[in-house]
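J.: Sequence:
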Amino acid sequence: MSMTPPPEVETEARIGLFSDPLADWANDDILMTKPARAVLGQRHLQGLRVLDWPELRQLFARYETPANKHARRDRGLGLISVTMAVLGMMLAAFAPMASGFERWLGLAAAALTLTGAGLTAFHWLDATSKARWLGNRFWTERVRGLYFQAIVNNLDLVARAMTDNDALREWKAVRAHALEQLPRPDDVAAQISKLAGTVEEADVWVVPAWMKSAPPPAPSEGLDILVPLLRSQRFDVQLAYVDRKLSDSLRTPGRRSEVVRRGSEVLPAVAVLAAAAAGILMALGLTPADAFVRLALAVAASAAAVALALRVINDSMLLSEDASRYAWYSAAVLRARNRFDAGDMGEKLAALRDMETVAYRDLREFVAAHWRARYVP
Numbered sequence: 001m002s003m004t005p006p007p008e009v010e011t012e013a014r015i016g017l018f019s020d021p022l023a024d025w026a027n028d029d030i031l032m033t034k035p036a037r038a039v040l041g042q043r044h045l046q047g048l049r050v051l052d053w054p055e056l057r058q059l060f061a062r063y064e065t066p067a068n069k070h071a072r073r074d075r076g077l078g079l080i081s082v083t084m085a086v087l088g089m090m091l092a093a094f095a096p097m098a099s100g101f102e103r104w105l106g107l108a109a110a111a112l113t114l115t116g117a118g119l120t121a122f123h124w125l126d127a128t129s130k131a132r133w134l135g136n137r138f139w140t141e142r143v144r145g146l147y148f149q150a151i152v153n154n155l156d157l158v159a160r161a162m163t164d165n166d167a168l169r170e171w172k173a174v175r176a177h178a179l180e181q182l183p184r185p186d187d188v189a190a191q192i193s194k195l196a197g198t199v200e201e202a203d204v205w206v207v208p209a210w211m212k213s214a215p216p217p218a219p220s221e222g223l224d225i226l227v228p229l230l231r232s233q234r235f236d237v238q239l240a241y242v243d244r245k246l247s248d249s250l251r252t253p254g255r256r257s258e259v260v261r262r263g264s265e266v267l268p269a270v271a272v273l274a275a276a277a278a279g280i281l282m283a284l285g286l287t288p289a290d291a292f293v294r295l296a297l298a299v300a301a302s303a304a305a306v307a308l309a310l311r312v313i314n315d316s317m318l319l320s321e322d323a324s325r326y327a328w329y330s331a332a333v334l335r336a337r338n339r340f341d342a343g344d345m346g347e348k349l350a351a352l353r354d355m356e357t358v359a360y361r362d363l364r365e366f367v368a369a370h371w372r373a374r375y376v377p
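So that you can map any letter, position 13 of the sequence shown is 13 in the working numbering, and since no number is skipped, the others follow by simple counting.
Don't read these hints as lab results, they were simulated from the structure. Every value quoted in this text rests on a predicted model; they were computed, and no experiment measured them. The beta carbon of each residue, even a glycine, is placed where N, CA and C say it ideally should be. Careful: at least some of the hints might be erroneous.
[Unchecked claim] With beta-carbon atoms standing in for the labels, derived distance ranges:
1. Val-272 / Ala-202: 16 to 22 Å
2. Asp-186 / Pro-54: 19 to 25 Å
3. Lys-212 / Ala-173: 17 to 23 Å
4. Ala-38 / Thr-198: 40 to 46 Å
5. Leu-114 / Pro-54: 48 to 54 Å
6. Asp-186 / Ala-209: 22 to 28 Å
7. Thr-163 / Lys-212: 26 to 32 Å
8. Leu-107 / Gln-181: 56 to 62 Å
9. Leu-107 / Asp-290: 20 to 26 Å
10. Ala-111 / Arg-72: 23 to 29 Å
11. Ala-218 / Arg-262: 26 to 32 Å
[Stated by the list, open to error] Below, simulated BS3-like cross-link-like pairs (lysine-lysine); rule was C-alpha separation at most 27 Å, straight line:
12. Lys-172 / Lys-212
13. Lys-194 / Lys-212
14. Lys-34 / Lys-172
15. Lys-172 / Lys-194
16. Lys-69 / Lys-194
Can you make the complete structure from the sequences, with help from the hints?
T.: Here it is in structure tokens:
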């Protein structure tokens, strides 16, 4: 990807209400696509020489797809199960009004409700699928972290490798060794419950030796090129990404959480009003067998069912928690970038290391929140 966020991901851009804020997100920061590498090559061929990491790109791509697949399956199954159960309850509420078809509608309502409840139970109890999704997601983000950790802990070598072939060979050897330190993806999936626990500072660094910061490198022409590229790659792209997650699109966690919250607040009032209307009608002499009373009771039951479903969706998809997490992440990245901009080379290096800690803590919080929400001991 281009080292500078393209126009469509600039933080000032407004995103449409129903558009996908991440539709064209393609991992700008680790140069996943040919056009991205071409743009960097045109601007800074020396930068491309050291920042392109083919072996890491291949590993990332291999597990990014299954991670996204498991995420879609998990969320889709949850929505389908809740929707079926709610439709079943609504159908049961309106069935008494369907003269001559009450039995068939009742059977259909029972089938929908039981199927939805069964899918919901399967969804909540299927810890293996959840662990596989979170394991793949954790591992791909660990690969992303390794990309930057390797650079941050070898700034002098990377800067020299821009023009020195011997340094380039050494840099590639360092990268190969770093890749060997990654855990196996299947092992990560088996350790999700542990990853949902407390974060230690030592956990941040893929290579344990990187926990101790190297001294800041001396000024050089290569460093003058590398430092602005790192600012864009590690800070600007992440801010553009998270700003989209906090945008006005209905597909972002914040807006969806707001819509769900409002619906779950309004619908109980609708249920109460409908139930009150049924009570008033019966006080006026009508009976539960009359059409108007049946309609009012059906509306009350349906509104209550939909309100409950919205709360379940909000809780199971962690919409509110995700929105809060993105807000925290945005503020933390911005603080690190400000430190980077205001300081000397030592402070810039410290800010880059701060960013690795921020990114890792955000990743672990994501894993912990989604595992705790569905984990059954």
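J.: Each hint: holds or not?
T.: Here's how the hints hold up against the structure:
1. Val-272 / Ala-202: 16 to 22 Å: violated, 54 Å
2. Asp-186 / Pro-54: 19 to 25 Å: holds, 23 Å
3. Lys-212 / Ala-173: 17 to 23 Å: holds, 20 Å
4. Ala-38 / Thr-198: 40 to 46 Å: holds, 43 Å
5. Leu-114 / Pro-54: 48 to 54 Å: Holds - the Cβ-Cβ distance for Leu-114 and Pro-54, about 51 Å, lies within 48 to 54 Å.
6. Asp-186 / Ala-209: 22 to 28 Å: holds, 26 Å
7. Thr-163 / Lys-212: 26 to 32 Å: With a Cβ separation near 28 Å, Thr-163 and Lys-212 satisfy 26 to 32 Å, so the hint holds.
8. Leu-107 / Gln-181: 56 to 62 Å: holds, 59 Å
9. Leu-107 / Asp-290: 20 to 26 Å: Holds: the Cβ-Cβ distance is about 25 Å, inside 20 to 26 Å.
10. Ala-111 / Arg-72: 23 to 29 Å: holds, 26 Å
11. Ala-218 / Arg-262: 26 to 32 Å: violated, 57 Å
12. Lys-172 / Lys-212: The hint holds at about 21 Å.
13. Lys-194 / Lys-212: Roughly 24 Å separates the two Cα atoms, so the pair holds.
14. Lys-34 / Lys-172: holds, 20 Å
15. Lys-172 / Lys-194: violated, 32 Å
16. Lys-69 / Lys-194: Given pair Lys-69, Lys-194 holds - Cα atoms ~23 Å apart, limit 27 Å.
The earlier numbered hints that this structure contradicts are 1, 11 and 15.
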